[in-house]
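S.K.: Got chain S; can you put chain D on it based on the hints?
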Amino acid sequence: MFSIETFFDSFGPLFWAARYTLLVSGLGIALGLVIGALICAAGLSRWTAAQRFAAIWVSFLRGVPLLVQLLLMYYLLPVIGINVPAIAAAVITVGICASAYISEIWRGAIGALPKGQSEAAIAIGMDPRNVWTRIILPQAVVLSLPALVNELILLVKASSLVSVVGILEVTRASQAHAATTFRPLEVYLAAACIYLLINLCLAGLGRYLEHRTAV
Amino acid sequence: MEWSIFQQYGPMLLRGFQITVFCWLFGTIFGMILGLLIALAQRYGVKPVRWLLQAYIEIIRGTPFLVQLFVLYYGGPLIGLRLDALPAGLLGLTIYGSPYFAEIFRSAFRAVPHGQIEAARAIGMAEVSIIRRILLPLGLVSALPALVNFSIILTKETVILSIITVPELMYQVQRMSTETFRYLEANLVLALFFWALVELISRVGRRLEIRITKHLIERT
Numbered sequence: 001m002f003s004i005e006t007f008f009d010s011f012g013p014l015f016w017a018a019r020y021t022l023l024v025s026g027l028g029i030a031l032g033l034v035i036g037a038l039i040c041a042a043g044l045s046r047w048t049a050a051q052r053f054a055a056i057w058v059s060f061l062r063g064v065p066l067l068v069q070l071l072l073m074y075y076l077l078p079v080i081g082i083n084v085p086a087i088a089a090a091v092i093t094v095g096i097c098a099s100a101y102i103s104e105i106w107r108g109a110i111g112a113l114p115k116g117q118s119e120a121a122i123a124i125g126m127d128p129r130n131v132w133t134r135i136i137l138p139q140a141v142v143l144s145l146p147a148l149v150n151e152l153i154l155l156v157k158a159s160s161l162v163s164v165v166g167i168l169e170v171t172r173a174s175q176a177h178a179a180t181t182f183r184p185l186e187v188y189l190a191a192a193c194i195y196l197l198i199n200l201c202l203a204g205l206g207r208y209l210e211h212r213t214a215v
Numbered sequence: 001m002e003w004s005i006f007q008q009y010g011p012m013l014l015r016g017f018q019i020t021v022f023c024w025l026f027g028t029i030f031g032m033i034l035g036l037l038i039a040l041a042q043r044y045g046v047k048p049v050r051w052l053l054q055a056y057i058e059i060i061r062g063t064p065f066l067v068q069l070f071v072l073y074y075g076g077p078l079i080g081l082r083l084d085a086l087p088a089g090l091l092g093l094t095i096y097g098s099p100y101f102a103e104i105f106r107s108a109f110r111a112v113p114h115g116q117i118e119a120a121r122a123i124g125m126a127e128v129s130i131i132r133r134i135l136l137p138l139g140l141v142s143a144l145p146a147l148v149n150f151s152i153i154l155t156k157e158t159v160i161l162s163i164i165t166v167p168e169l170m171y172q173v174q175r176m177s178t179e180t181f182r183y184l185e186a187n188l189v190l191a192l193f194f195w196a197l198v199e200l201i202s203r204v205g206r207r208l209e210i211r212i213t214k215h216l217i218e219r220t
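Here the protein sequences come in this chain order: S and D.
One point on numbering: in the UniProt record's numbering, the residue at position 32 of the first sequence is 32, and numbering is uninterrupted.
One point on numbering: in the UniProt record's numbering, the residue at position 212 of the second sequence is 212, and numbering is uninterrupted.
Okay, chain D solo, but in the shape it has when bound:
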């Protein structure tokens, strides 16, 4: 095994890692926002809107992320959507994550006790402030474990962006291994790196869960 290549390619790999983290954060944040909007629209929207959103959810969840990226990146230009690899990847991640986040929010909203919402209506709270003061705070707390879990899944999906040539970590590692012929070492280190990353994120996530849900445990 030849380890000096990691020294030589260090800066390139670091740049790739930065793009991986950026893609992950972008996809998680915007996927979550889009998912939240979808969940709210499904709760309050009229029937045709709800059907359309349900179809969107089924279609995105029923197709592989890689195929979605191909449609967006290679198919997009045919309908005038000309994107570079990175923006296409970011848009793809956001779209891919949104239905999963929407489903998480939907079931979290369902878990909010109905009596609380009825009580708020009874004392004359406006629907917007019910969402802001009751539905969102209670729903978000109970959604937290599932949100952390799915954002960890998204970390792993970012490597698929390398296939449409987004210069993230996986892409840089493949480039390094084709230039140096060190395929096995490069992929082994990448695997160990991702293992450590995912373990780290899930530990931080568990801490966060415990901190945010502490008031719930103390009360009961």
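Next up, chain S with everything else stripped away, as it sits in the complex:
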């Protein structure tokens, strides 16, 4: 029968493991923001080769399942002579995967700005660099915040897959805990609760930002 005691006892070790879930998804999104900005810039540039590279980058990373990307990176890095701990490989993979989605979010946000604004700025004699740094980017970043929070929620869920390469985050810890207690139902439900808790907090943050940034 369902043991409520085991259910609550599982929260301790799982909360401790949630550090790694937050670490992988947090660093993952940070890396994704940086690479995503570069890819977005490449996609918007006038240079055809850069555009093509950005298109292939986005299409490949959105077409290949994250689990496959993780294993690919895990086996590829040692072959090309880069020896990093599994956690670093996991963060890099999650970040690279997120960059494809983030560059699309930013492209969408920039595209959503009324064209009249930048035209007006150029008409009154602002130089193009200032149009980008003062008109387009500040608004686009604010506009993209709710979508970025949404991406972070997806990453928290996706981070469960890094358990496969041995990172002791919530999912991996719950596997270990289920194996020692022989109560998989209670332990995995507790793990689900932790993910739900993290994501409900993030969803609340997203709604707040959406409310704040709605003009």
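Simulated from the structure, these hints should not be mistaken for laboratory data.
Any given hint could be a false lead.
[As the list claims (entries may be wrong)] Just so you have them, the derived chain S footprint on chain D, three or more residues with Cβ under 8 Å:
hint, region
1, 80-88
2, 104-114
3, 185-192
[As the list claims (entries may be wrong)] Incomplete in silico selection of chain S near chain D, CB under 10 Å:
hint, residue
4, M1
5, L72
6, V79
7, S163
8, A203
These numbers were taken from a predicted model, which means no experiment stands behind them.
We treat Cβ as the ideally placed atom computed from N, Cα and C, and that holds for glycine.
M.R.: Chain D in isolation, oriented as in the chain S frame:
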């Protein structure tokens, strides 16, 4: 790189691919049906039902698919739900997809002009035929791009089934790579294969969208 292993393991990989396609189709079709039922129940159901469904949607969307599979496959037997890997995977995919499909249908139904439904009520159409003749045809067309998009996401989620030992493509590729020690080649080919598959499905999907929504564009 050693490519002959793909020849040797060909039939096994093909079998895995068939199971992948089967899981994907099953999950998409039944997830869509369940999602449609949820969306309709949310539109017409009484308040407690709507709250329960909203909680279901939040819970499934807030937890990773992998954890849901673990609860179902490893936790299920404790409450008498004893499933083999494949049925558990199919059930898991259906449950996982349903809230996303429900949300797609819900916003598509909201996009149906209210005046049309009111007009139908005014001329005395029964609520069931309003759903059948107005809400569904109009809603489904506007939901199509999002439905195609999510079914593409589901293609990629099928690889997670390999973790609970469903013998789909990813599982077979991992088996092949542990037997031959060709981890990199195997995963590289798998990645390229999925890339091609997803590109293909999204192109077919775009064609389908254009064909089905053609009457909308011509009219305006």
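S.K.: All hints, please: hold or fail.
M.R.: Tested hints:
With 0 residues bearing a CB less than 8 Å from a CB of chain S, the region 80-88 of chain D misses the requirement of three and the coverage assertion fails. With 0 residues bearing a CB less than 8 Å from a CB of chain S, the region 104-114 of chain D misses the requirement of three and the coverage assertion fails. Taking a C-beta to C-beta cut-off of 8 Å, the region 185-192 of chain D contributes 4 residues in contact with chain S, enough for the three needed, and the coverage statement holds. For M1(S), the suggested interface contact is upheld, since its CB lies about 8 Å from the closest CB of chain D, less than 10 Å.
Below 10 Å, beta-carbon pairs count as interface contacts, and L72(S) has one with chain D at about 4 Å; its hint therefore holds. Hint status for V79(S) relative to chain D: holds, with the closest Cβ pair at about 6 Å, below 10 Å. Evaluation of the S163(S) hint against chain D yields a held restraint, the C-beta minimum of about 7 Å falling below 10 Å. Restraint check, A203(S) versus chain D: the minimum CB separation of about 8 Å is within 10 Å; hint holds.
Violated hints, listed in ascending order, are 1 and 2; each of the other numbered hints is respected by the structure.
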